[in-house]
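**Q** From just these sequences and the hints, can you work out the full model?
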Amino acid sequence: MEQEMVLKNENSLFSSLKQMLLKLTPSIKKDGIIKSLKNTGITFLSILLFIGLWQMGSKALYNKEADYRIEKALTERGEEAAVAERVCIESGDSSCQPNTLPSPSQVWASLKSLVADHQVIRADKAAFAEKMAVTNEKMISQGKDPIVYTGRASFVDIVLTSIKTVFAGFLLAMFIAVPIGIIIGLSPSLRSAFNWFIQIFKPVSPVVWYLLVFMIVKTLYIGDSSDNAFVISFISVGLCAMWATLVNTAMGVASVDKDYINVAKVLKLGTFQKVFKVILPSSLPLIFTGLRITLSVAWMVLIAIELLAQSQGLGLFVWEEFQNGANDSNSKIIVAMFVIGIIGFLLDRLMLAVQNMVSFNKNEMA
Amino acid sequence: MAYLELNNIYKTYGEGENSTEVLSNINLTMEEGEFVAIVGFTGSGKTTLVNLINGLLQPTSGEVLFKGVPVTDTSHERGVIFQNYSLLPWLTVGQNVYMAVKEAFPKESKKVLMERVKEYVGMVNLSPAINKRPKELSGGMRQRVAVARALAMNPEMIIMDEPLGALDALTRGNLQDEILNIWSQDKRTALLITNDVDEGIYMADRIIPLKPGPNATLGPEFKIDIERPRDKTAMNDNPEYKKTRNAIIEYLMDIGDERKTISEVEYKLPELTPKSFVA
Ligand SMILES: Nc1ncnc2c1ncn2[C@@H]1O[C@H](COP(=O)(O)OP(=O)(O)OP(=O)(O)O)[C@@H](O)[C@H]1O
Ligand SMILES: [Mg+2]
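Protein sequences appear in the order of chains A and B.
Numbering of the first sequence is given in our numbering, commencing with residue 495 and proceeding in unit increments.
Numbering of the second sequence is given in our numbering, commencing with residue 74 and proceeding in unit increments.
Quick caveat, the hints were computed from the structure, so don't treat them as lab data.
Misleading hints may appear alongside valid ones.
Claimed, not checked - Sample of chain B residues facing chain A (criterion: CB under 10 Å; computed from the structure): (1) L129; (2) V153; (3) N157; (4) L160; (5) L161; (6) P162; (7) W163; (8) L164; (9) A173; (10) A223; (11) M226.
Every residue gets a Cβ at the ideal spot worked out from N, C-alpha and C, and that includes glycine.
**A** Here is the structure:
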């Protein structure tokens, strides 16, 4: 009996404390904070887990390759060679390191070295510009082309090239796909006329697009020695990625709510007004969904196309590192992988924000 | 010559085997300045009838004459209040009305048009919401915008398709008065579609029931000889009102029953004996 009383007292004390706390912090805010704390906590934990698994995996692969090397030395060159091999591997000497999936710390080191490399190259460039300033001024005044820095591109330059390429490709896709999509969407007969075209070209792989663009651009650039890798790659990216926007735009324009069309008819809007004041605004959400898909596809195919086009971007970087086979090549490839993933994610967020901005029924989009 | 004339209208949706005749043999005449209400069950073809009159649809056979001229297209002379408001969600209240006014008075300056927008938005008591988007408005407010949009174009005839159908009784009463007010100011011709007999009696000069389809057609008309302005509370005791109301409701009930018996199709169940899967 007494115990119960005490329990009750404690309970009431607890609840009054809780109420006081609730009064101090508005409940909605409190819930929000707790929720976001929980979410970041979970994200953080999952990142740790991921890194842990990665560490374990790379360790296992490393051991497997190391064992294999020692074994091979033993069977091919005898006991002594095997011992030498083991010592060499354990010393961390770069000449005999197993070449496999790099560990998280190796990747981190590579990232740091890439950044340091960038700083060195930037300093180089600045020095070059200073040195050539007078000469270049003279050359310009004489009507000649100034001498530009032609040294190695740094990792940051490479990333910027990739972003530039993807945006150029995206803009190209937008300027082709949106107008054509609108025209196709407006006319059912044009829609069926274009349908086979879309159905056939939509699934064509980026590699084939690249080859096609290469055939055409190469001829157009005949006799011009300037570098056309950028042009080829952004056009290929654009052509490869534009289909989602084309299809979505056509669908959005074709499926405008009948009520809005009726309003346009009752108000007796002209064709121009009808298209720009009713049909386009109502299909904007779908158009932007298409553009979002286009941007993410563009970023995805970019890597393959840059590789083929030998354009100084991430794709070529990854490929060259792979061919290079240097000690830190693998970890540089993983750095590039993360950079590609993160930029892709940011681009998608950017498009989502734009999409939400233009959509009039935000609640339905979510 | 009547102001509006519907002669032997038939309207069929679809083609071939799966075509349905929604309206059959519709005949209606309206005089200028008249207020006519059409009551009907849901799905009987009221919206179809309205769209034939405003020019959004063409009859399969028969003709719609507006001031003696066949209706082949929409016209600014006939303003429409749609059943589902049909406001453009990406425009604000003011912009929705402005769009209509600009089309109706293409020669006016922007300033004059803006004044007109403000006037009509004020008339439906929405001035504080003029910069809001339809999404932020209640159903009743949206309906008011639709009313303002239609009236701001200054149409000769105003066609209303269940304009108050989605509203609660109180808001409904208020808007009825507002519409009547606007109508009586310069005696436009008005056609009201409704599913509420009381609303029809309160607002119209004549009520015509639409017999439910398929093959919906107009029933006998009921004249409402109650002097305007009508008073809702006083009307309840008016013998004329009671008589008309009962007659209309009786008529609608009868055709309702008729419809029920028609739709009572007997379904034959297949003879099945449960199988035992265990054995
Ligand atoms: N475009 C169309 N194509 C085919 N059938 C249609 C079309 N529009 C309407 N119908 C059919 O015609 C009939 C009448 O429709 P309508 O919209 O005119 O009815 P309503 O009386 O306005 O109904 P409610 O009171 O629910 O608004 C319905 O059975 C509907 O299915
Ligand atoms: Mg209807």
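**Q** With reference to the structure, classify each hint as holding or not holding.
**A** Checked hints:
1. L129: Given a least distance of 6 Å, the restraint on L129 (chain B) holds.
2. V153: For V153 (chain B), the interface hint holds, since the closest Cβ of chain A sits about 5 Å away, which is under 10 Å.
3. N157: holds (6 Å)
4. L160: Holds - the Cβ of L160 (chain B) comes within 10 Å of chain A, reaching about 8 Å at its closest.
5. L161: holds (6 Å)
6. P162: For P162 (chain B), the interface hint holds, since the closest Cβ of chain A sits about 5 Å away, which is under 10 Å.
7. W163: Holds: closest Cβ of chain A sits about 4 Å from W163 (chain B), inside 10 Å.
8. L164: With a minimum Cβ separation of about 8 Å from chain A (threshold 10 Å), the hint on L164 (chain B) holds.
9. A173: The hint holds - A173 (chain B) has a Cβ within 10 Å of chain A, the shortest such distance being about 5 Å.
10. A223: Holds. Min distance 9 Å.
11. M226: Where the cut-off is 10 Å and the nearest Cβ of chain A is about 8 Å from M226 (chain B), the hint holds.
Checked against the numbered hints listed earlier, the structure breaks none of them; every hint is satisfied.
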